[in-house]
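Participant: The task is simple: from the sequences and hints, build the whole structure.
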Amino acid sequence: MSDNQNLLAEQRRALILDEVRRRGGVRVNELTRRLGVSDMTVRRDLDALARQGLVAKVHGGAVPVSEPSTHEPGFEAKSVLEPGAKDGIARAAAELVRPGAAVALSGGTTTYALARRLLDVPDLTVVTNSVRVADVFHEARPAAGDARRAPVVVLTGGVRTPSDALVGPVADRAIRSLHFDLLFLGVHGLSVEAGLSTPNLAEAETNQCLIRSARRVVVVADHTKWGTVGLSSFGTLAEVDTWVTDGGMSGEVRAEAAEHVPGLVVANGPGA
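For the sequence shown, my numbering begins at 84 and goes up steadily by one.
Because the hints were derived from the structure by calculation, they are not lab data.
The beta carbon of each residue, even a glycine, is placed where N, CA and C say it ideally should be.
Incorrect hints may have been included.
Unchecked claim - Simulated restraints on C-beta separations: (1) Pro-166 with Val-336: 20 to 26 Å; (2) Gly-331 with Val-148: 29 to 35 Å; (3) Ala-321 with Glu-178: 33 to 39 Å; (4) Ser-121 with Pro-182: 47 to 53 Å; (5) Ala-184 with Val-120: 47 to 53 Å; (6) Val-312 with Pro-166: 20 to 26 Å; (7) Arg-126 with Val-235: 43 to 49 Å; (8) Arg-181 with Gly-330: 21 to 27 Å; (9) Ala-223 with Ala-133: 51 to 57 Å; (10) Asp-122 with Asn-351: 25 to 31 Å.
Facilitator: Put into structure tokens, the structure is as follows:
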């Protein structure tokens with residue numbers, strides 16, 4: 084390889100690293116379009132950056148490593164993390180919902196996956212502070228003449244976070260006036276010491292309101308969230324009735340989690 088080619092590779096990797104840090108994650112197909120190179124070239128660049136400890140490779144892309152507790156990745160960045168696990172979790176969580184229920188879905192990529200699984204459950208009332216979740220139901224509205232009844236969707240309003248959740252006083256007031264049978268809650272992290280946590284202070288307040296308005300709290304989060312701690316705690320493990328997760332935990336970790344969340348549900352893999 085010539086010196087010029089070496090320089091070009093270094094320039095590409097610098098651009099990729101900047102994108103990862105600025106956006107909180109990147110997809111391989113996005114980088115191939117932006118840089119005008121092949122998938123194989125991008126994957127080699129990501130391998131090189133991962134060997135240097137600058138990024139962590141995930142399915143379909145890469146994310147930053149060793150982020151501080153205040154770091155809040157965007158929705159697109161989080162969507163590349165554990166996609167198969169999220170699909171399995173969404174399928175298992177959807178089985179907890181009965182026709183005619185009033186359910187709340189917080190912001191997050193796992194609750195977004197769950198929303199798509201709830202489209203076939205009749206007569207739902209859905210409360211959400213997630214723009215993405217609301218869009219799932221809006222885009223799936225029955226066509227004129229279709230006998231199916233569209234779910235009633237209540238979008239709380241509020242200030243939009245990087246993960247497309249609506250938070251703050253407006254959202255909090257709307258949520259406090261409502262009562263729902265089930266809350267499906269996405270989290271940044273959960274641990275014995277810190278409970279449920281998020282990097283976003285305003286989101287923590289809004290999540291507290293969601294928990295208080297729910298008869299039953301179901302956390303939907305993959306195994307990588309166990310032991311992760313964000314800046315602000317908003318609930319204890321004792322407030323969680325059920326945690327729906329994937330099978331990526333070791334037996335030891337699963338036993339520890341089950342001690343603190345008796346309603347532990349481990350989903351099968353995607354498509355199972």
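Participant: Determine for every hint whether it applies to the structure shown.
Facilitator: Going through the hints against the structure:
Our hint of 20 to 26 Å for Pro-166 and Val-336 holds, since their Cβ atoms are close to 21 Å apart. Checking the proposed 29 to 35 Å range against Gly-331 and Val-148 shows it is violated: the Cβ atoms sit about 19 Å from each other. For the pair Ala-321 and Glu-178, the beta carbons lie near 24 Å from each other, so the given range of 33 to 39 Å is not met. Our hint of 47 to 53 Å for Ser-121 and Pro-182 holds, since their Cβ atoms are close to 49 Å apart.
One distance hint, 47 to 53 Å for the beta-carbon pair Ala-184 and Val-120, holds here, with the actual separation near 49 Å. Here the CB-CB span from Val-312 to Pro-166 is close to 24 Å, well matched to the stated 20 to 26 Å. For Arg-126 and Val-235, the hinted distance range of 43 to 49 Å is satisfied, since their beta carbons lie about 45 Å from each other. Separated by about 25 Å at the C-beta atoms, Arg-181 and Gly-330 satisfy the suggested range of 21 to 27 Å.
About 38 Å separates the C-beta atoms of Ala-223 and Ala-133, a value inconsistent with the hinted range of 51 to 57 Å. At about 30 Å, the CB distance of Asp-122 to Asn-351 agrees with the hint of 25 to 31 Å.
Violated hints for the displayed structure, listed by number in ascending order: 2, 3, 9.
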